[in-house]
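**Student:** Please construct the entire structure, taking both the sequences and the accompanying hints into account.
Here is what each chain is made of, one letter per residue.
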Amino acid sequence: MANAITFPTLEPHQAFRLSMLLNDGRYRSYTIQIFVLMCLMLGIAWLVDNTIRNLALLGKDFSFSFLWSTAGYDINQRLIEYDTQMTHGRAALVGLLNTVVLAVLSCALATIIGVVAGVLRLSGNPIVARLTVVYVEVFRNIPLLLWILVFGAIMSEAVPAPNAFKGENATAGMILGAVAITNRGVFIPEPLFTRDLGTLNLGIVEPSLNAIAVLVVVIACVLISRVLVRHANRVQSQTGVRPVIWWKTMTVLAAPPLLLLWALGFHLGYPELRGFNFQGGFQLRNALIAMWLGLGIYTGAFIAENVRAGILAISKGQTEAAHALGLRPGKTMRLVILPQALRVIVPPLISQYLNITKNTSLGLAVGYMDLRSTLGGITINQTGRELEGMLLLMLIYLSLSLIISGSMNAYNARVGLKER
Amino acid sequence: MTERNPAFVRGEMLPAREPPAGQTGLLKLLRENFFKDWLSALLTVMSLIVSVWFVCSVFPWLFDSVWNANSLSECRQILAGAEGACFAVIRDRWTQLLFGFYPPEQYWRPVLAFALMIVALAPILFPPVPRGLLRFSVVFPGLAYWLIWGGTLWLPVVVYGGFAVGAVLLRMTGRLGAGPGAGLAIVSALTWWFVAPGPVTTVLEQLLPLSLAPVASREMGGFLLSIVIGVTGISLSLPLGIVLALGRRSKMPLVKTISVVFIEFIRGVPLITLLFTASLLLNYFLPPGTTFDLILRVIIMVTLFATAYMAEVIRGGLAALPRGQYEAAEALGLDYWKAQRLVIMPQALKISIPGIVNSFIGLFKDTTLVVFIGLLDPIALSNSIRATADWQGIYWELFIFIGALFFVFCFGMSRYSMHLERRLKTDHR
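Heads up: the protein sequence lines correspond to chains W and G, in order.
Just so you know, we're using full-length UniProt numbering here: the first sequence kicks off at 1 and counts up by one.
Just so you know, we're using full-length UniProt numbering here: the second sequence kicks off at 1 and counts up by one.
You can take every hint at face value.
Pair ranges (Cβ atoms, derived):
#1 G:A115 / W:M41: 43 to 51 Å
#2 G:L14 / W:H323: 31 to 39 Å
#3 G:T426 / W:V244: 58 to 66 Å
#4 W:E137 / G:L62: 14 to 22 Å
#5 G:V52 / W:S123: 17 to 25 Å
#6 W:M41 / G:L240: 20 to 28 Å
#7 G:V52 / W:L312: 28 to 36 Å
#8 W:E137 / G:P20: 35 to 43 Å
#9 W:G240 / G:T426: 50 to 58 Å
#10 G:L62 / W:V244: 56 to 64 Å
#11 G:L240 / W:N163: 53 to 61 Å
#12 G:P60 / W:A161: 22 to 30 Å
#13 G:I124 / W:A161: 49 to 57 Å
#14 G:L42 / W:N163: 32 to 40 Å
Subject to a maximum C-alpha distance of 25 Å in a straight line, what follows is the list of computed SDA-like cross-link-like pairs (lysine to any residue):
#15 W:K331 / G:S47
#16 W:K60 / G:R297
#17 G:K350 / G:M413
#18 W:K60 / G:S279
#19 G:K350 / W:P348
#20 G:K36 / W:G330
#21 W:K60 / G:F292
In case anyone wonders, no lab produced these hints; they're calculated from the structure.
Ideal Cβ placement from N, Cα and C applies to all residues, glycine included.
**Tutor:** Shown next, in the form of structure tokens:
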């Protein structure tokens, strides 16, 4: 908008003069836009021309064919089948999955920590409130990278080596006999099946049919239990009496999955110390743990502030009204305050999730093989395709961000206040 | 009804008594604050346990620290098996953590620049400081450039000359109207900057040499680097962010689209990818043979990054302004820029102070990411210190030192923003 003031008094049939392109509010915006468009096109043309000349000078072309050539490097954490003979594209996919896993884990941890800390900061208990303030201020005012390095150092320096678990006078012990925290990673029990249904060949990935079967049954059970709850709601709204259904939903939710697990011969594989390291079980690598704790606890401090602001935005009268109705403080928070506060909290929460997703790219600092380390790191170094690699990397991050903000905005619209 | 006075009704008033012991003084305070219900009690006990455990495990280590040693093994000898921190590494290497590999005999230059920065910031941050000092704030960037990088003083002077040329042309072409005048001024200033610096500087330097020993960018590091990148990014991103925010709210579809695409793109990708673009790709986009300083490239990218975030914060402030303010400004007959400058921006910026300071703090913290493209920020230096034979295996002391310095800056900024909010508070509630 070049000029907020338009002059409606001007006669519409007044003859057009060239000077009106600059002096008339109606035409000036066109002048400016055409000027901006020309500048923009000139700028883009200049950039593209430079790029083409530079590429020609270096004897390079612009192609994404490197994605189909053999990668030849190893990735220590992989969720899908990968070996050094596979392609750069496959390596990028493995990296992308690592990024997503880390982002999801960190978002969950950050949300839990943030909500708890945000509520505790408003607690009437001065010790708890002060401790929370210390947590928030310390984590907010020190760079994330430093925190990731600190947690990386804790995981590699301050926890026992596997051989400390060895022998009669072991200096370290496993937690509940199932979880071993060592400087080579955290070992947790893994689910195992005695009957294997094989794998499903989808071309790119081959998920295990056992996992799919369990997932399908669980989802089906959840859907059935929701039908039961909806039916109970309908009966309650018609008759005023709520049928007792908790045992039905419990049975529906628990029995079929348990039966399936029993039929498949489900058991846990515990990590065991063999030789110099633990064998069996899942190994959560130090890099993952350091990134997870670093991202989760750091972003938790920001979420705590958002949650606190959201709760403070709800007027005191709401609490008083809930208390007057006889609700206990816990129920007041859960049923009255939090649902309203969510509307204030969710939009900044979205941007915190976006931040987490983007900050997973700091994994390089502790050697976490995420998308930035595979596609944006080793692949670019090996193939020399900086331009294509960075372009692809940016586009993938951009689409991740757009997906997150899109889905969270949809959620926001659903929980938002319905205004009519 | 007959008057009855049953035996169980007391006939006379009792004197007031002290409340029970549990309802007064310290006990009451404890109960109301710390043991109101079982949850509160549990939290109190847990936080006490955590605090005591933390203090017991960290403080002996912290207070039993060694400040005089030349290597970690020497520290361990002095400690003789006791748990203790080895802050000797800070004593040994603090100059490196602050200045990187800046020549030690020139340390006074960045220190002087830092002191002058405080002087230059004072009139902007604190109103009691005389306004006249603002003139120094304008001169400061050039002066700081000269002090830190060295070379001839005439280069920044000639660059300032470009502004002077533009201003003179703007004054002379006042009759042409604001648009063409400004355009002409910008074009002439740009021409000056492309043509003049080389020859004019050489001539002036020959007439009157005013040179400091030049320091190459690769010798800079540590907090000097963080502060240079952070402060430049902060001061450039605010005005650019305002322009971008106005662009996003513009009624011209083209301008609006460009702003939206720019903001969403920058906010959708991690800063690291932009920094990699600066270090790997920027040469592709510039005419063949162009090379320019890595720190300058990083500053440009960091500024662009911060600008997008700043624009969103300011857009929030603009959106929060009541519609009536815009209408009132129009009703007074103010044109667009006057309305923005006199009515809209002062209020919108005031609303967005917390967000602006938050992005400043974020930007300052993000300067640590330059470690990934090989610049020597404090974290890179801590890695290289750890890689030396003397200090191999030292972690916490370096982390504490770096973390404490960042904490001081960032915490200071957030406290100042609270002070600013209180000072600018004009609503009477």
